[in-house]
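Since chain G is already given, all that's left is putting chain L on it; use the hints.
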Amino acid sequence: MSSFIKKMHRRTIVQALIALPALSLFRALPHPSASSSDRPDADPHEIVEVSGWILKRSDLA
Amino acid sequence: MIFDNYEAFRAANFIAKVCILGSGPAGTTVARKLGAAGIPVVVLEAGSREFSDESQDFYRGTTVGDFYFDLDITRLRYMGGSSNHWAGWCRVLDKLDFEPKAWAPDTGWPISRADIEPYLPEVHDILELPGFRPDVPISDDIRWIQLIKSPAVRFAEKFADELDKSRNIAVVLNTYATELTGDGKKVTGARLWSNGQDAGLFSADYFIVCTGGLENSRLLLWSNQRSNGGVVPNAAALGRYWMEHPTFEGGNAILADYGEFEVDAVNEAFFSPSLAAMERLQIMNFGIRLIEMPYAGIKRVIADLACTAPDMAEWAAYQLSQNLRCAAQLYVAWEQAPLASNQIVLSKTDVDHAGVPRIELHWKKSELERRTLREGLKLFGTTLAQKDLGRVRIADWITDSGDFPTDEETAGHHHMGGTRMGTDVTRSVVDANCKVHGMDNLYVGGSSVFCTSGECNPTTTITALACRLGEHLSKVVAA
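Chains G and L, in that order, give the protein sequences. Residue numbers for the first sequence follow my numbering, beginning at 1 and rising by one. Residue numbers for the second sequence follow my numbering, beginning at 62 and rising by one.
Just chain G, with the same shape it has in the complex:
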């Protein structure tokens, strides 16, 4: 393991591993509620249930 990696904070690595790939990888996926969330009149505060998550529609943007 390089000294660069050793010096990195463990949680920074976790953040990089989890959040960054997720952003690029999963944003491209079609979402079940995508059509309605794309509607200009869709309420961003509307509560939706997706894959067991109870979310605001704006979370899906």
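What the hints contain is simulated information worked out from the structure, not anything from laboratory work. This structure is a prediction, so every number in the text was calculated from the model and none was measured. Cβ atoms here follow ideal geometry from the backbone N, Cα and C, with glycine treated the same way. Worth double-checking, as some hints may not be accurate.
[What the hints assert, rightly or not] Chain L is faced by these chain G residues, among others (derived, beta-carbon under 8 Å):
#	residue
1	I47
2	E49
3	V50
4	S51
5	G52
6	W53
7	I54
8	L55
9	K56
10	D59
11	L60
Same frame as chain G, but now just chain L:
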């Protein structure tokens, strides 16, 4: 006075006006109330001072229906009863728990919470509790409630010295009341089993059955069978409407600020629905226990969230990187709908060493309860999202309507119902004063008189009801 066996008690020539069966929280509390009023009372305890496998064996039984604990594990048969293994969580049933609910048959008590509130200061002394704070509504639908972790008072340890010194209370150990005898108006005696054999009939003016939320029904069913209905003349509801608090991990939550809710020493916080929400969704009461999640588990939850809401996952990962606690497991315990089909019956094939039929417990969770679990988690998740307090993920087995897991908590070891309180003799066993319908001198103490279970642990309510029963009986006996 404490006697180690029935023979020693008999030699002491102690004359009791009241006979209490069982020395758990209910029996001990009623005895202390009566003793303080100057009424001579004997407490017959089937077990000894300490746990023993031989004594526990009398509690073996079988369960029909949903998976449940072994019946000789879920309760304790020695001085102090099941207070010897309770965890100490305390809360009194809610005001709404006493009220009938139009969407759930056989709910509602003949008393209200106001009837037991005068006894709560005594209960706080007995269970060593600080005062409860009022519930805090965090939305129209969800209340942030308080359960207090008491020192888990072991009744035998705490009160043994007081009982031993009492001139009015005689505790008799290793003395098992195998049946009550009665003539349809009065109990005429308790048949005893001591030292491995029949020890004859014991007489007193009044009898109070406080042998636990399973055993009370067993004793009365067997006594009634032996006396051709002479102990519980109106027995249609006897053994029925038995309830527990099913308890399962229902999902996870990512929280904006874990510190938003003041948590107890073990980092847990509790939430319940408002009556309006229960009414609107036609569900039962429930309690969501929020437990801080281990670090490794948090990563899995955030990774799962990234699949659905990447920005939210990014935020959660940032929270994690800042060393903030940001995720919790959600354990849900809920109120069971009272069902006559959930019942204790006597085994036709298996008896204990004294010849008393063992328990066959019929227990099954209903569709209303499954809906309570799912809608309750949705309600909690909706509140957290609307208030931007966090986000909830409901476990797959719940969203997929799968089977209940068999490797989780399952239930609370809370045995309620079987001799429920009421005014309709076809749907209850005891009246508002815990007196068996139609009997002049037979009372029942403990959670078997509960009409509904609410969502909270029963010991606080059991103790309050026992204080109330003790005070009532003090007046009745003195009259």
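The hints, checked one at a time:
1. I47: 5 Å, holds
2. E49: 7 Å, holds
3. V50: 5 Å, holds
4. S51: Since the shortest Cβ distance to chain L is 5 Å, the answer is holds.
5. G52: Holds, about 5 Å.
6. W53: 5 Å, holds
7. I54: Result: holds, 3 Å to nearest chain L Cβ.
8. L55: 6 Å, holds
9. K56: The hint holds - G/K56 has a Cβ within 8 Å of chain L, the shortest such distance being about 5 Å.
10. D59: 4 Å, holds
11. L60: Nearest chain L Cβ about 6 Å off; hint holds.
In terms of the numbered hints stated before, the structure departs from none.
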